[in-house]
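Visitor: Next come the chains, spelled out residue by residue.
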Amino acid sequence: MLSGAPQYLVSGLTQGAAYGLIGLGFTMIFNTTGIINFAQGEFVMLGGMLAVWFAGSGLPLVAAVLCACAATAVVGALMERLTIRPLAGAPAINAVIITIGVSILLRGGAMLAFGKDTVVLPAFSGVTPIMALGAAIQPQSLWVLAVTLALLAALKLFFTATLQGKAMLACACQKKAASLVGISVARMALLSFGISGLIGATAGAILAPITMTAYDVGMMLGLKGFAACILGGLGNPFGAAAGGLVLGVLESFGAGYVASGYKDAFAFIVLLLLLFVKPSGLFGKAGVERV
Amino acid sequence: MKPAFFGINAAQAGLFLAALLAVPHLLPNEYYLSICILGCLSAVIAVGLNLLMGYAGQISLGHAAFYGMAAYATAIATTRFSLPIPVGMALGVLLSVAVAWIVAAPTLKLRGHYLAMATLGFGIIVSIVFNEAVDYTGGPSGFVGIPRLSLAGYDFASDLSYYNLMAVVLALVVLMSLNLMRSRTGRALRALHVSEKAAASLGVDIAAHKRFVFVLSAGLAGLAGVLYAHYLSFIAPASFGFSFSVQLVVMVVLGGMASVWGSVAGAFFLTALPEALREFEDIDILVYGAILVLTIMFLPDGLAGGLSRLARRLRRSGGAS
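Chains as they are written, first to last, in this note's numbering: chain C, 1 to 291; chain B, 1 to 321.
Hints are not guaranteed to be accurate.
What the hints assert, rightly or not - When the alpha-carbon atoms are kept at most 25 Å apart in a straight line, the in silico SDA-like pairs for lysine to any residue are as follows:
id: 1; chain 1: B; residue 1: Lys109; chain 2: C; residue 2: Ser280
id: 2; chain 1: C; residue 1: Lys263; chain 2: B; residue 2: Ile102
id: 3; chain 1: B; residue 1: Lys109; chain 2: B; residue 2: Leu216
Claimed, not checked - Between beta-carbon pairs, the in silico distance windows are:
id: 4; chain 1: B; residue 1: Arg111; chain 2: C; residue 2: Gly89; range: 18 to 24 Å
id: 5; chain 1: B; residue 1: Ser161; chain 2: C; residue 2: Gly115; range: 40 to 46 Å
id: 6; chain 1: C; residue 1: Pro6; chain 2: B; residue 2: Pro84; range: 52 to 58 Å
id: 7; chain 1: B; residue 1: Leu172; chain 2: C; residue 2: Phe159; range: 51 to 57 Å
id: 8; chain 1: C; residue 1: Leu169; chain 2: B; residue 2: Gly7; range: 54 to 60 Å
id: 9; chain 1: B; residue 1: Arg315; chain 2: C; residue 2: Ala92; range: 28 to 34 Å
id: 10; chain 1: B; residue 1: Gln12; chain 2: C; residue 2: Ser57; range: 55 to 61 Å
id: 11; chain 1: C; residue 1: Pro6; chain 2: B; residue 2: Pro140; range: 31 to 37 Å
What the hints assert, rightly or not - What the simulated footprint calls covered on chain B by chain C, stretch by stretch (three residues with Cβ under 8 Å from a Cβ of chain C suffice, anywhere in the stretch; the number is not a length):
id: 12; region: 79 to 86
id: 13; region: 281 to 288
FYI, nobody ran anything at the bench for these hints, they're computed from the structure. Note that the structure is a prediction, hence the values are computed from the model and not measured. For every residue, glycine included, the Cβ atom is placed at its ideal position computed from N, Cα and C.
Could you build all of it, start to finish, from the sequences and the hints given here?
Guide: Here it is as structure tokens:
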């Protein structure tokens with residue numbers, strides 16, 4: 001019965017690492033602005049599609065992936081500057097609707113620019129599987145896990161060892177107090193959208209060789225990322241990464257042992273049950289509110 | 001509350017109905033009529049969702065599920081089991097109401113983004129069931145052969161008759177919503193939106209009120225669902241997915257939160273917009289997204305808020321001259 005378990009675990013962890021990165025992108029923006037960015041999934045799509053496009057136009061693979069990530073970071077920053085910042089003072093739901101509008105724009109733009117075909121990015125270092133512990137591990141899976149860990153470490157460093165990172169944490173804690181000590185909250189919002197674009201695009205680019213990509217993959221990936229950060233407790237970046245891993249593994253085992261058609265449903269059912277039992281996520285603290 | 005308000009509401013709804021019934025005589029051809037019917041259907045759901053979102057302050061990103069499950073229920077009941085159409089429709093609405101009642105208890109304890117996630121997850125699970133339970137729903141390719149609506153021996157065969165029916169249904173839903181918001185329950189809902197603790201301390205049963213408005217809005221979505229199924233006689237899961245749930249929320253916000261008329265305007269606006277953008281062909285989706293973004297940026301309180309500001313400005317400039 002448990003014959004496929006190691007295989008499911010590996011593919012679940014791979015997929016889950018990507019969900020975690022997407023959730024991380026949500027968390028960055030949520031912490032500095034209080035907005036759930038529904039265009040996050042489109043950043044992921046852009047990462048994959050742009051990498052394919054840059055690689056197709058002759059750049060070496062590594063350069064293509066880096067260019068795609070940088071370009072998406074610029075898209076994220078532009079989105080903040082052009083559509084979110086002018087809203088200052090409007091209710092958060094308006095900003096959320098704006099992000100939905102932007103996601104429609106990005107998806108439509110990608111469809112026009114890259115067409116409707118599903119495309120695939122070459123794997124970073126071949127496709128010869130590595131046999132270990134009864135599972136065939138694609139080298140790309142190792143890339144996904146390694147890049148995810150590296151990004152998490154870089155973020156940890158960013159938040160603890162750089163002035164910008166600490167300023168961003170301060171914004172997340174208390175915006176008014178942060179601006180009182182001279183931190184530009186608007187610039188932190190811009191930076192968080194940029195970093196979110198970068199993280200999302202990275203997830204999209206490293207996942208593209210495994211799952212392939214198309215102009216319309218963003219929505220489902222975005223929802224999974226949102227689910228990952230809710231699972232981990234909204235606002236906690238490392239909770240989001242862990243939530244993503246849990247979600248990916250659950251989904252993989254659900255698809256393997258229950259029914260593959262219900263793969264997406266399985267993850268959400270578990271998420272709902274968890275929320276009903278523990279309304280603030282796996283690692284979230286129960287909020288105490290002052291009246 | 002003073003009964004005078006109910007008189008004003010009835011008068012408003014009556015005028016609205018008269019305006020709706022006049023619309024077909026101004027349209028150049030039948031095709032626009034079918035868009036108007038879809039607009040009425042969306043408006044019924046949006047008005048219901050607005051009771052939940054705009055007044056009670058609870059979000060639902062899964063309302064398309066209630067719309068869809070009612071549509072499938074009546075489709076299956078009237079074809080597979082050959083039940084009469086009114087029975088199928090009643091079963092459809094009843095299913096939406098019952099599921100909402102069950103889901104409400106654990107879900108509405110959640111707040112803010114967690115509530116958004118739970119309703120979103122619920123909507124996705126239901127839409128996956130529509131796709132995967134091929135034996136019952138026909139799967140992704142859809143469910144065909146649903147009978148066109150006929151009630152008490154009258155066939156709503158022409159689009160005009162169907163539109164007139166929809167106009168009456170929408171006007172009644174609007175009237176019910178306006179009256180509800182003027183009632184004790186409506187005030188309780190608005191109170192718990194502002195502060196649950198303050199409302200509770202004044203004796204409002206928070207859980208019961210939230211559940212009531214959630215079930216009511218799901219029931220309205222179900223009503224629209226059964227009317228949709230017996231109008232098009234074909235339904236497919238794509239019409240009831242996450243995108244439509246999001247679109248419903250956009251209708252409410254774009255129209256103006258906590259405004260019944262705003263939701264109606266938002267529903268008609270978003271239903272008609274893609275049709276109006278047909279001439280842009282390939283880039284219609286870009287124009288659609290851009291209009292959405294720009295409308296929210298420049299009309300932060302929605303179409304309803306924008307119109308009332310415009311009216312105020314006109315009155316002021318009229319008074320000055």
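Visitor: Assess, step by step, whether the Cα of B/Lys109 is no farther than 25 Å from the Cα of B/Leu216, and give holds or violated.
Guide: 17 Å, holds
Visitor: Holds or violated: 40 to 46 Å for the Cβ distance of B/Ser161 and C/Gly115?
Guide: 44 Å, holds
Visitor: Are 3 or more residues of the region 281 to 288 of chain B near chain C, judged by a Cβ distance of less than 8 Å?
Guide: With 5 residues in contact (Cβ-Cβ under 8 Å with chain C), the coverage given for the region 281 to 288 of chain B holds.
Visitor: Could you check the hint for me, namely that C/Pro6 and B/Pro140 are 31 to 37 Å apart, CB to CB?
Guide: Cβ of C/Pro6 to Cβ of B/Pro140: about 33 Å, so the range 31 to 37 Å holds.
Visitor: Does the Cβ-Cβ separation between B/Arg315 and C/Ala92 fall within 28 to 34 Å?
Guide: 32 Å, holds
Visitor: Quick one: see if chain C covers the region 79 to 86 of chain B, three-plus residues with Cβ-Cβ under 8 Å.
Guide: Since 0 is below three, the answer is violated.
Visitor: Starting from the hint 18 to 24 Å, judge whether the C-beta atoms of B/Arg111 and C/Gly89 obey it.
Guide: 23 Å, holds
Visitor: Could you check the hint for me, namely that C/Pro6 and B/Pro84 are 52 to 58 Å apart, CB to CB?
Guide: Taking Cβ atoms as reference, C/Pro6 and B/Pro84 lie about 56 Å apart, which means the hint holds.
Visitor: Does the Cβ pair B/Gln12, C/Ser57 satisfy 55 to 61 Å?
Guide: Given about 60 Å between the Cβ atoms, the range holds.
Visitor: Under the criterion that the straight-line Cα-Cα distance not exceed 25 Å, is the pair C/Lys263, B/Ile102 satisfied?
Guide: 24 Å, holds
Visitor: With the threshold set at 25 Å, check whether the alpha-carbon distance from B/Lys109 to C/Ser280 stays at or below it.
Guide: Judged against 25 Å, a Cα distance of about 11 Å means the pair holds.
Visitor: Take a look at whether the Cβ-Cβ distance between C/Leu169 and B/Gly7 falls inside 54 to 60 Å.
Guide: With a Cβ separation near 57 Å, C/Leu169 and B/Gly7 satisfy 54 to 60 Å, so the hint holds.
Consistency with the previously given hints fails for number 12 only.
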